[in-house]
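S.K.: Spelled out, the chains give:
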Amino acid sequence: MSAHADTHDHEAHEEHHHKETFITKYIFSIDHKMIAKQYLITGTIMGVIGVIMSLMFRMQIAWPEEPNVIFEALLGKWAPGGVMDADIYLALVTIHGTIMVFFVLTAGLSGTFSNLLIPLQIGARDMASGFLNMVSYWLFFLSSVIMLISLFVEAGPAAAGWTIYPPLSALPMASGGSGMGMTLWLVAMAIFIASSLLGSLNYIVTVINLRTKGMSMTRLPLTIWAFFITAVIGVVSFPVLLSAALLLIMDRSFGTSFFLSDIFIQGEVLHYQGGSPVLFEHLFWFLGHPEVYIVILPAMGLVSEIMATNSRKPIFGYRAMIASILAIAFLSTIVWGHHMFVSGMNPFLGSVFTFTTLLIAIPSAVKAFNWITTIWKGNIQMNPAMLFSIGFVSTFITGGLTGIILGDSALDINVHDTYFVIAHFHLVMGISALYGMFAGIYHWYPKMFGRMLNKNLGYIHFWITAICAYGVFFPMHFIGMAGLPRRYYTNSNFPLFDDLANTNVIITIFALIGGAVQLIYLYNFFSSMFFGKRAVQNPWRATTLEWTTPVKHVHGNWEGEIPHVYRWSYDYSKPGHDEDFIPQNVPLKEGEEELQH
Amino acid sequence: MTALLTILVLVFITIAIWQMVKIFDLAQVGNSNSQIATDKDNNLNGYLMIGFLAFIYIITIWSVVELGDLPLMSNSASAHGPEIDNLMTISMILIFIVQVITQFLLHYFSFKYKGEKGKKALFFADNNTLEFIWTIIPVIVLAGLIIYGLFTWSSIMNVNEDEDPLVVELYAQQFNWKARYAGQDNTLGKANVRLIDIDRANILGLDEADPNAQDDVITTELHLPVGRPVLFKMRSQDVLHSAYMPHFRAQMNCVPGMITQFGFTPTVTTEDMRQNPDIIDKVTNINNIRAEKSKDLVAKGEDALERYDFDYLLLCNKICGKSHYNMQMKIIVETQEEYDAWMKEQKVFKNSLIN
Numbered sequence: 001m002s003a004h005a006d007t008h009d010h011e012a013h014e015e016h017h018h019k020e021t022f023i024t025k026y027i028f029s030i031d032h033k034m035i036a037k038q039y040l041i042t043g044t045i046m047g048v049i050g051v052i053m054s055l056m057f058r059m060q061i062a063w064p065e066e067p068n069v070i071f072e073a074l075l076g077k078w079a080p081g082g083v084m085d086a087d088i089y090l091a092l093v094t095i096h097g098t099i100m101v102f103f104v105l106t107a108g109l110s111g112t113f114s115n116l117l118i119p120l121q122i123g124a125r126d127m128a129s130g131f132l133n134m135v136s137y138w139l140f141f142l143s144s145v146i147m148l149i150s151l152f153v154e155a156g157p158a159a160a161g162w163t164i165y166p167p168l169s170a171l172p173m174a175s176g177g178s179g180m181g182m183t184l185w186l187v188a189m190a191i192f193i194a195s196s197l198l199g200s201l202n203y204i205v206t207v208i209n210l211r212t213k214g215m216s217m218t219r220l221p222l223t224i225w226a227f228f229i230t231a232v233i234g235v236v237s238f239p240v241l242l243s244a245a246l247l248l249i250m251d252r253s254f255g256t257s258f259f260l261s262d263i264f265i266q267g268e269v270l271h272y273q274g275g276s277p278v279l280f281e282h283l284f285w286f287l288g289h290p291e292v293y294i295v296i297l298p299a300m301g302l303v304s305e306i307m308a309t310n311s312r313k314p315i316f317g318y319r320a321m322i323a324s325i326l327a328i329a330f331l332s333t334i335v336w337g338h339h340m341f342v343s344g345m346n347p348f349l350g351s352v353f354t355f356t357t358l359l360i361a362i363p364s365a366v367k368a369f370n371w372i373t374t375i376w377k378g379n380i381q382m383n384p385a386m387l388f389s390i391g392f393v394s395t396f397i398t399g400g401l402t403g404i405i406l407g408d409s410a411l412d413i414n415v416h417d418t419y420f421v422i423a424h425f426h427l428v429m430g431i432s433a434l435y436g437m438f439a440g441i442y443h444w445y446p447k448m449f450g451r452m453l454n455k456n457l458g459y460i461h462f463w464i465t466a467i468c469a470y471g472v473f474f475p476m477h478f479i480g481m482a483g484l485p486r487r488y489y490t491n492s493n494f495p496l497f498d499d500l501a502n503t504n505v506i507i508t509i510f511a512l513i514g515g516a517v518q519l520i521y522l523y524n525f526f527s528s529m530f531f532g533k534r535a536v537q538n539p540w541r542a543t544t545l546e547w548t549t550p551v552k553h554v555h556g557n558w559e560g561e562i563p564h565v566y567r568w569s570y571d572y573s574k575p576g577h578d579e580d581f582i583p584q585n586v587p588l589k590e591g592e593e594e595l596q597h
Numbered sequence: 001m002t003a004l005l006t007i008l009v010l011v012f013i014t015i016a017i018w019q020m021v022k023i024f025d026l027a028q029v030g031n032s033n034s035q036i037a038t039d040k041d042n043n044l045n046g047y048l049m050i051g052f053l054a055f056i057y058i059i060t061i062w063s064v065v066e067l068g069d070l071p072l073m074s075n076s077a078s079a080h081g082p083e084i085d086n087l088m089t090i091s092m093i094l095i096f097i098v099q100v101i102t103q104f105l106l107h108y109f110s111f112k113y114k115g116e117k118g119k120k121a122l123f124f125a126d127n128n129t130l131e132f133i134w135t136i137i138p139v140i141v142l143a144g145l146i147i148y149g150l151f152t153w154s155s156i157m158n159v160n161e162d163e164d165p166l167v168v169e170l171y172a173q174q175f176n177w178k179a180r181y182a183g184q185d186n187t188l189g190k191a192n193v194r195l196i197d198i199d200r201a202n203i204l205g206l207d208e209a210d211p212n213a214q215d216d217v218i219t220t221e222l223h224l225p226v227g228r229p230v231l232f233k234m235r236s237q238d239v240l241h242s243a244y245m246p247h248f249r250a251q252m253n254c255v256p257g258m259i260t261q262f263g264f265t266p267t268v269t270t271e272d273m274r275q276n277p278d279i280i281d282k283v284t285n286i287n288n289i290r291a292e293k294s295k296d297l298v299a300k301g302e303d304a305l306e307r308y309d310f311d312y313l314l315l316c317n318k319i320c321g322k323s324h325y326n327m328q329m330k331i332i333v334e335t336q337e338e339y340d341a342w343m344k345e346q347k348v349f350k351n352s353l354i355n
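So the protein sequences, as listed, match chains E and F. Just so you know, we're using the UniProt record's numbering here: the first sequence kicks off at 1 and counts up by one. Just so you know, we're using the UniProt record's numbering here: the second sequence kicks off at 1 and counts up by one.
So here's chain F without its partners, still in its complex pose:
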């Protein structure tokens, strides 16, 4: 059905274009047809330039109104999130201003100075003052952005070990994620893929002789206590992956053969985020879309889509093979008590081995 529609659309477009060409050609009858722009062409295209300027503004406004209200753009759920969001907002406003002005100048000049026979252009080849102005302004603006950006960057990337962060390993493989908690000692046991022993269920290759490894906990869901800094240590067993946690403004590649790291402090529990009015709007909207789709599916005799409830997610964001598009892990941010209770139910490494 879609294919048929696609083909139909293409056919109609072709016909429409064909007709437009004919109209253009008919309008040209009697002209010299030299294939060089005439005053009439200059005029028409000059007006189209203004039309195009309007189109750029309209698509900008439409995008901001329809797509700009994205809970992912605001409502970050980590301590450093607002820093990134502020920098992003400042950069966006700046870009928006420059975009509006320069596109206006470009298209308006194209319209205003459209060619006429007999008119002569201004011979204006050089002006050092002007060149200086539009060199120095970007220099100043960018200097500000660079300094602001670098401060933000170093405050995010410098993990303060004194704060006693919760150490969690994110372990990537085609095509799923595992989390490994460091346990009571908060020190991850040594590990290497060479030590993987599938028969004994040592799936992450922990060193069984390492005392630090004994109390490690391996899970398929990522639970984090709210308000406590977390230091993630990333590892991959096969190809590059990227641990992308958009709600927390966090991302780091997982590289086979080395350990990478990223730290942040989650600030909003999953429960609280679900009560956020923006998120409620988003979820309602998504559920309406899903209900609509489900109707079609049910009509075809398939199962309806499940209701969607908000959850933080960890996504793979580095091309990693066939099922890259479905490599995810749920993240649950909860209170310390809930976290402790959950942790108590998990098996520690030494007890999870099959002997």
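For reference, chain E alone in the conformation it holds in the complex:
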């Protein structure tokens, strides 16, 4: 391992001789720290677009079919006289889902922090392949651009829901958005998947091969474990979505019948014969379900790390945390059918998926209890990152618990595709993952930009966001249990639901406030880049290796030799030491025992 490190030193020195131009430093950079920042900023821009979309359709639900100048200004021909069109409503819902799940919470979250932290925390000069890493980012950028272009096509963007079930997504006669809009959606997603696979392979290889001397797998911070396993899930499941997308493209453009059969639409019978939309659902959810863990596992890793650091305590049950990540990862690939209990598949299959799905509650419960025990008898430093981490555990529990209802096939019959589902997954993977991302940004901002975020703005950001998140999604469980289906442009055609209208207004008001508060965060994020207080090397007094690198970024991360590692990453408040943290590169004292990890 040391010989390996030496060659790396050598390379790093050689690179110093090359003069960096603006283009190689800021645009086609192969430095993982710059690529992480590129991911973060692209993800942020996509996030802003996704959130604005959600606010627009929330306003439509609260005040259905009322003219709104915001709609008129932003939607143009899709909101004649300021009244939102029903097609564009579905398109907004579709693109909001796609952007938030893939472009913000997959690429923006995992892309940012895997790139930033894997080399820094394992003690590597860079990713295994800097070039692939750069290609991965630029494919992601390209796919984002294509996705945004799809918003402007004549017949409208994809409007078949983010799950794009055929035949709706396959037939332009069935939905205007299933023409050019859907083609661009599929192309963007195919490129996105390629980007994600390149990134994941790079993460896996880097974690396995480039750990510094002494950094055994059981000394890795939980962040790295989470990123590593996430990458493995991605490599296993994303190709299946790619094949589903390719087959759908074939059905749409080349007349094959993988997913279509016996269709009569607009007065004519189509030639499709023998395909099955249920097959698409299987292929889609074979990725789609692991995808929610691709989103949440990195957030769990970040939160574990931040909770330990700010509680000044070791993470409780390090090995149990790793075991539960592995268990969740394994189970996540065999539960996809719980999205399909009423799809028409064999009810016996439903039983199997109920069984495997409810099992996921076990490792999830272990994680939740371990986090709670981690803060027990801690010395909790209430930095904004810590607040978001506590918020993460709170929403993860609230949202996760209702999974017990949705995962139970008998109960799913009546709440399937209602607002109950919306409430569940937004809390457990949407808001939670977003909290994990915010926690990560507040915590590692000094590492990324060399400056500190303003903590008071951070506190305001957290508390108002936290209240709004519950205000939006908690009542949604109840309107879902009242039978209100999701993806309805307006509920006014059902007098049955008239008594839910006020609740919908309340939800929308919370959403608008919550959305507006993110402006504070954006202001903080962008202004601190230039005017924030300069960061010290290790502001949070953390033990992991990234805080041993200089504040100013250098190619190759460490100016001298890569530090060696002598202990696990959670030696906080260890008895027998003066400081309440011992960095991983500090050798054991004489007579000091390393925990059996």
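Where hints are given, some of them may not hold.
Said to hold, decoys possible - Facing chain F, a subset of chain E residues (Cβ under 7 Å, in silico): (1) A86; (2) P172; (3) A174; (4) F264; (5) S351; (6) V352; (7) T356; (8) W376; (9) I413; (10) G450; (11) T490.
Unchecked claim - Simulated restraints on C-beta separations: (12) E:S527 with F:F151: 56 to 66 Å; (13) E:P80 with F:V139: 50 to 60 Å; (14) F:I97 with E:K77: 24 to 34 Å.
To be verified - The following residues of chain F were derived to be distant from chain E, with all beta-carbon distances above 12 Å: (15) D164; (16) H223; (17) L240; (18) K347.
Calculated from the structure, these hints are not laboratory results. For each residue, glycine too, the CB sits at the ideal point set by N, CA and C.
Take the given structure of chain E and dock chain F to it, following the hints.
M.R.: Same frame as chain E, now just chain F:
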């Protein structure tokens, strides 16, 4: 008007936030401004954690009191409905207990162990007994839930053909529903969308040569006799739809190219359900809301909203295109005699064709 209000609200919120930031900044004058939490921050946020815990409890209580009394949650109208409702109630109580306890621990610990300078945290990295306890408890609880759930599921999904269920086809298309009754022989005639002949009014594509199809009856309202098991066969002619009948705790997707099925026994007639005190409350409440809205509409010179009367509904619950939000069919549960009388008025398939 709404837009103006929205903008005003947003402006006020922005101003409020601006002021809060200023207050926070003023309170910090003289501090080192290192952007790392001080004891004062720890203290303040610790108390806010308790406040937030209270907020979670309040919004839970408010939701249960204001929104939890939903006739759709109780008063199911099918034989298997109470099974689902019981399982739901048990699951909800369980969730509620776990939620209350874990949120308390999380927020209370955050408050109790808020940081102080000079204090040292407890070095507590591992405890196998604890890990075992909170692995085994979920295992036991979930084992119970899984077993209960699976029994309920299989009893709902296994349709007993010996009970001679009434066979009804639910036929979905963008954006409406049709029902097809099997007629005297209680056997649906063969059908395929390729046989649709709009000119001859063969709108569901029935096989005109199939003897079983001759007495089939196609309707736009779903009438069901109370107390008799019904076996629904679902079909779709264009895209995915989902036949969602929330009052009966029933749902199944309609998939082009295949036939799906769901069976249940309606137990309460529409008339009886309208007399149910919970439903009367709900309907009164809804009519008050509608009367209120009508006032505004009349003032604007538009028509007032119609009075609402309770009816069972079949809704589309799978995104199916532009008018997905208005794809519904009325369901009427009635006595056998009423049902027979209604059925007698309907045209059978062979007589409905235009030659």
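S.K.: If you take the shortest Cβ to Cβ gap from T490 (chain E) to chain F, is it below 7 Å?
M.R.: Holds - the Cβ of T490 (chain E) comes within 7 Å of chain F, reaching about 6 Å at its closest.
S.K.: Going by Cβ atoms, does D164 (chain F) stay more than 12 Å from chain E at every point?
M.R.: Non-interface label stands for D164 (chain F): nearest chain E Cβ at 21 Å, farther than 12 Å.
S.K.: Taking the closest Cβ pair, is F264 (chain E) under 7 Å from chain F?
M.R.: Check passed: Cβ of F264 (chain E) comes within 4 Å of chain F, closer than 7 Å.
S.K.: Closer than 7 Å between Cβ atoms is the bar; does I413 (chain E) clear it against chain F? Give me holds or violated.
M.R.: holds, 5 Å
S.K.: Classify the label on H223 (chain F) as holds or violated, using whether its beta-carbon is more than 12 Å from each beta-carbon of chain E.
M.R.: holds, 19 Å
S.K.: For P80 (chain E) and V139 (chain F), compare the CB-CB distance with the range 50 to 60 Å and indicate the outcome.
M.R.: Once the Cβ atoms are compared, 57 Å apart, the range 50 to 60 Å for V139 (chain F) and P80 (chain E) holds.
S.K.: At the C-beta level, are S527 (chain E) and F151 (chain F) separated by a distance inside 56 to 66 Å?
M.R.: holds, 59 Å
S.K.: Is the Cβ of L240 (chain F) farther than 12 Å from every Cβ of chain E?
M.R.: Check fails; 5 Å does not lie beyond 12 Å.
S.K.: Just to be careful: measuring from the Cβ of P172 (chain E) to every Cβ in chain F, is the smallest value less than 7 Å?
M.R.: Check failed: Cβ of P172 (chain E) comes no nearer than 11 Å to chain F, outside 7 Å.
S.K.: Answer holds if the nearest beta-carbon of chain F is closer than 7 Å to that of T356 (chain E); otherwise answer violated.
M.R.: violated, 10 Å
S.K.: With a cut-off of 7 Å, does the beta carbon of A86 (chain E) approach a beta carbon of chain F closely enough for the hint to hold?
M.R.: It holds, given that the least Cβ distance between A86 (chain E) and chain F is near 5 Å, below 7 Å.
S.K.: Does K347 (chain F) sit more than 12 Å from chain E, CB to CB?
M.R.: Nearest chain E Cβ is 22 Å from K347 (chain F), so the label holds.
Consistency with the previously given hints fails for numbers 2, 6, 7, 10, 14, 17, ordered from lowest to highest.
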